[in-house]
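Sequence lines, in order, name chains W and P.
Letter 461 of the first sequence, counting from 1, is numbered 461 in our numbering, and no numbers are missing.
Letter 71 of the second sequence, counting from 1, is numbered 71 in our numbering, and no numbers are missing.
In case anyone wonders, no lab produced these hints; they're calculated from the structure.
Treat the hints with caution; some may be incorrect.
Calculated pairs, DSSO-like style, for lysine-lysine (alpha carbon to alpha carbon, straight line, at most 30 Å) [what the hints assert, rightly or not]:
id : chain 1 : residue 1 : chain 2 : residue 2
1  : W       : K75       : P       : K246
2  : P       : K33       : W       : K75
3  : P       : K142      : W       : K72
4  : P       : K142      : W       : K75
5  : W       : K72       : P       : K33
6  : P       : K246      : W       : K72
7  : W       : K11       : P       : K246
8  : P       : K250      : W       : K75
9  : P       : K250      : W       : K72
10 : P       : K142      : P       : K5
11 : W       : K56       : P       : K142
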Amino acid sequence: MSLGFVVGESKPTSVTAITSRSLSVGEYIKISIDEGDILGLVERSSVSSAAFTDVKNFHEAEESTEIADINKRDKTFTAHIGILGFLENLRKGQSIIPAIPPIPGTEITQPTNQDLEEIFSPKKEGWLKIGNLLRNKKIEAKINLDKIVSRHLGILAMTGMGKSNLVSLITKKISEVKGTVIIFDYHNDYTTLNIPNVNVIDAKINPRLLEADQFSEVLEIRENADVQQRVLRMSFTQEVKEAGEFWNKLEYEVDLLVNSEDKKLKEIRTSAYRVQDIIEDAQRRFDDILDPEVGNPMDYIKEGCTNIINISELSEKQANVAMGFYLQQLLKDRKNATIAKHGKSKKQKDYKFFEPVFIILEEAHVFIPKDHDTAAKYWAAKIAREGRKFGVGLAIVSQRPRSVDLNILSQMGSFAIMKIIQEDDQRQIASATESTSRELISQLTSLNVGDAVLVGQWTNLPSMVHVEEVKEKKMGADQSATKAWIKADKMKNVGVEHTQGLVQKDLLLD
Amino acid sequence: MNREKILSVLKGPKFEQILQKATCNWNTFTPSKEQVVTAGIDSSFNNTKFQGIELWATTAVSIKTDGEVLVDLHDSGLGSDIDLSRIASKMEIDACEKTVDEVDLVLMDGSLHSQFMTRQSALDAQVVKIMNKKKNVIFIAKTSNTKKQFESLGSLAGDIFYYNHVTNGPGFSEIFVEKNYGFDKIISSTFVRLSDSTPIIKLEFLGGKHDNDEIKSIMNKLFKTSVGGYPYALKLAHNNCKISDKELGKMVSLLGLSNEIGSREVLG
Chain W
1 MSLGFVVGES KPTSVTAITS RSLSVGEYIK ISIDEGDILG LVERSSVSSA
51 AFTDVKNFHE AEESTEIADI NKRDKTFTAH IGILGFLENL RKGQSIIPAI
101 PPIPGTEITQ PTNQDLEEIF SPKKEGWLKI GNLLRNKKIE AKINLDKIVS
151 RHLGILAMTG MGKSNLVSLI TKKISEVKGT VIIFDYHNDY TTLNIPNVNV
201 IDAKINPRLL EADQFSEVLE IRENADVQQR VLRMSFTQEV KEAGEFWNKL
251 EYEVDLLVNS EDKKLKEIRT SAYRVQDIIE DAQRRFDDIL DPEVGNPMDY
301 IKEGCTNIIN ISELSEKQAN VAMGFYLQQL LKDRKNATIA KHGKSKKQKD
351 YKFFEPVFII LEEAHVFIPK DHDTAAKYWA AKIAREGRKF GVGLAIVSQR
401 PRSVDLNILS QMGSFAIMKI IQEDDQRQIA SATESTSREL ISQLTSLNVG
451 DAVLVGQWTN LPSMVHVEEV KEKKMGADQS ATKAWIKADK MKNVGVEHTQ
501 GLVQKDLLLD
Chain P
1 MNREKILSVL KGPKFEQILQ KATCNWNTFT PSKEQVVTAG IDSSFNNTKF
51 QGIELWATTA VSIKTDGEVL VDLHDSGLGS DIDLSRIASK MEIDACEKTV
101 DEVDLVLMDG SLHSQFMTRQ SALDAQVVKI MNKKKNVIFI AKTSNTKKQF
151 ESLGSLAGDI FYYNHVTNGP GFSEIFVEKN YGFDKIISST FVRLSDSTPI
201 IKLEFLGGKH DNDEIKSIMN KLFKTSVGGY PYALKLAHNN CKISDKELGK
251 MVSLLGLSNE IGSREVLG
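Based on the sequences and whatever the hints tell you, model everything.
Okay, structure coming up:
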């Protein structure tokens with residue numbers, strides 16, 4: 001069925017069409033040229049009415065409604081279409097743009113379901129359904145799981161637009177194929193995820209495994225307190241790390257500095273007193289988090305499971321250190337595993353994970369910020385660069401893309417972009433994702449909850465998708481304060497009535 | 001800017017008398033919508049000159065309010081000193097001839113008096129013949145320079161100015177009959193405002209036997225499909241027959257004349 005015709009100036013990458021109806025942004029269309037059928041994506045759609053073009057006031061607008069109704073030619077539907085490539089090639093996952101632009105006057109038609117299914121729902125191993133095409137709802141939208149593990153993923157959206165649902169869905173899909181997922185859960189969103197093989201780990205930091213500067217961050221010694229940091233460096237010796245009584249030994253070492261008769265050390269005595277206080281305070285405050293007896297935290301992560309590392313109890317700096325530690329260890333482990341697998345190392349097995357792992361890093365703007373360096377950022381950048389070779393996939397999730405380090409963001413080979421209103425965020429996304437056109441980005445403001453633009457290597461083509469809801473995810477939605485208060489109030493009354501009913505009336509005093 | 005001072009130029013010695021007469025001539029009438037099939041007719045022409053010759057194009061369109069094009073006439077050619085206005089006017093009459101039997105009301109853009117009785121008087125017989133066929137053709141002008149009705153009082157502005165000055169609501173002026181062109185070319189005209197605060201338009205009919213009831217009936221028919229006090233069919237006709245310089249440029253290109261025009265470009 002004819003949808004319209006190419007008009008005006010056309011280019012190999014885009015055309016404008018006048019259509020018989022208003023086309024939706026995100027809708028796919030087909031253009032037949034001599035070289036073959038081309039698939040296009042509606043990136044901008046507009047409708048104008050001749051009757052309402054020069055309307056000057058309310059009365060003219062009112063009079064024009066009647067005119068617009070009776071004039072069949074009154075409306076002009078215009079669609080700006082981005083050319084995605086030849087259908088034949090797209091079926092094979094290749095985007096070949098025509099050398100010659102479609103001639104104005106060329107008819108545009110609706111692609112068949114089969115055309116779209118072959119591209120968006122390939123029946124191949126590694127492709128899993130995550131929803132349906134937003135404008136062609138009958139077509140399942142599938143993603144290539146291998147690509148996100150090998151080339152990483154960025155999930156970017158405003159709060160409440162379905163980020164954690166998508167994370168849960170991807171996790172669920174990986175879990176179905178017995179893959180290993182590690183989620184750093186900063187808001188305790190995933191601990192209730194009701195899927196098989198979930199392994200919830202309360203993040204603990206073993207101070208014995210830290211470097212002095214990391215330990216300083218964990219203890220929350222101020223960044224500019226150079227002398228206090230020096231005191232800690234001097235006290236946090238290898239003997240302390242290996243001591244049976246870690247805290248006692250550490251305190252003992254600091255004590256030595258406090259009581260030292262060495263003239264050179266006298267000037268740091270005041271700072272040493274302060275460090276003593278900090279260590280004492282940390283033992284009390286971070287009792288649940290800092291545990292010298294915890295062994296290697298990596299031991300708690302299980303292969304073939306969804307490992308949810310609950311870092312919600314940690315301060316930002318502590319979470320950063322913990323995350324940095326895990327990322328470093330995971331990369332190291334997978335490096336060893338890969339080298340061993342290829343038979344290049346004669347060393348004994350010194351790795352934990354036999355198969356690739358997928359790491360999901362929530363609140364990426366906090367842990368991999370663009371304006372300062374952190375341990376987590378260093379190791380995330382390393383994984384983004386090298387993870388591909390060693391089977392370490394990284395997903396970074398953020399509601400503030402403008403604050404995420406652009407170098408790491410642009411290493412993400414695939415993206416799910418949901419509703420984003422801030423222009424700064426949109427600009428950052430445009431910089432990080434070369435394959436996303438300006439028109440598509442301008443549509444991000446109009447997406448609804450659960451709608452996403454998928455771009456990059458995990459799909460054959462940029463697509464607008466409605467992501468299916470994960471029923472197994474119990475938390476994450478906004479809490480209704482009103483409902484909670486009304487319920488609480490009702491319960492209060494129930495309690496009163498109940499107690500009063502138990503008291504015999506004649507026993508009540510006036 | 002002193003508004004009063006500027007407007008005082010128009011206020012000759014008998015200004016108040018003119019206004020009084022205009023007020024007396026005005027019939028207040030609020031039209032109600034009446035469903036009829038209306039078509040608007042308009043024409044246009046354009047030309048581009050080069051190397052002593054000109055490429056010209058004319059077009060005339062008859063279009064219904066619902067957007068259906070009834071007649072679409074084109075002509076073009078090369079020549080010099082071509083009277084394009086005459087060609088366009090002739091095409092308008094041809095379009096009118098093909099339309100009168102198709103619709104209830106035919107609206108011609110412009111003035112019967114100034115276009116066909118004076119400037120293109122050679123076409124008057126044909127216009128009269130077509131207008132008499134179904135007696136459903138009206139000329140409608142957005143502006144008018146005619147100074148006939150208040151001439152005896154020394155009016156300085158056109159008649160339309162005084163009606164605009166004394167009225168703001170819907171209505172029409174008393175029918176003015178002009179018999180200067182002979183008994184078979186009598187023109188009746190009236191100034192009409194279709195709704196509150198819209199510009200006054202001038203309606204012209206052929207013949208001298210039109211009365212106020214007929215004007216009211218015409219107003220009802222026009223009101224149904226008018227926007228801002230102007231029939232939408234005429235707006236459509238105008239928009240459909242425009243020949244822009246860009247379109248003329250395309251014609252130049254199609255005719256392979258681009259090189260002729262562009263030959264000056266070697267001079268930089």
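Hint check results:
1. For the given pair, K75(W) sits about 23 Å from K246(P) by alpha-carbon distance, which is consistent with the 30 Å threshold.
2. At roughly 24 Å between alpha-carbon atoms, K33(P) and K75(W) fall within 30 Å of each other, so this suggested pair holds.
3. For the hint pairing K142(P) with K72(W), the CA-to-CA distance comes to about 26 Å; that is within 30 Å, so the pair holds.
4. Under the criterion of a C-alpha separation no larger than 30 Å, the hint pairing K142(P) with K75(W) is consistent with the structure, at around 26 Å.
5. Between K72(W) and K33(P), the direct Cα distance comes to roughly 21 Å. Compliance with the 30 Å bound is thereby established for this hinted pair.
6. The hinted pair formed by K246(P) and K72(W) meets the criterion: a straight-line CA distance of about 27 Å does not exceed 30 Å.
7. In summary, the hint linking K11(W) to K246(P) is supported, as the alpha carbons are separated by about 21 Å, within the 30 Å threshold.
8. Among the hinted pairs, K250(P) with K75(W) is consistent with the structure: their alpha-carbon atoms are about 25 Å apart, no more than 30 Å.
9. The hinted pair formed by K250(P) and K72(W) meets the criterion: a straight-line CA distance of about 28 Å does not exceed 30 Å.
10. Simply put, K142(P) and K5(P) have alpha-carbon atoms about 27 Å apart, close enough for the 30 Å limit, and the pair holds.
11. A threshold of 30 Å between alpha carbons decides the hint, and for K56(W) with K142(P) the separation of about 17 Å falls inside it, so the pair holds.
The structure is consistent with each of the numbered hints, conforming to all of them.
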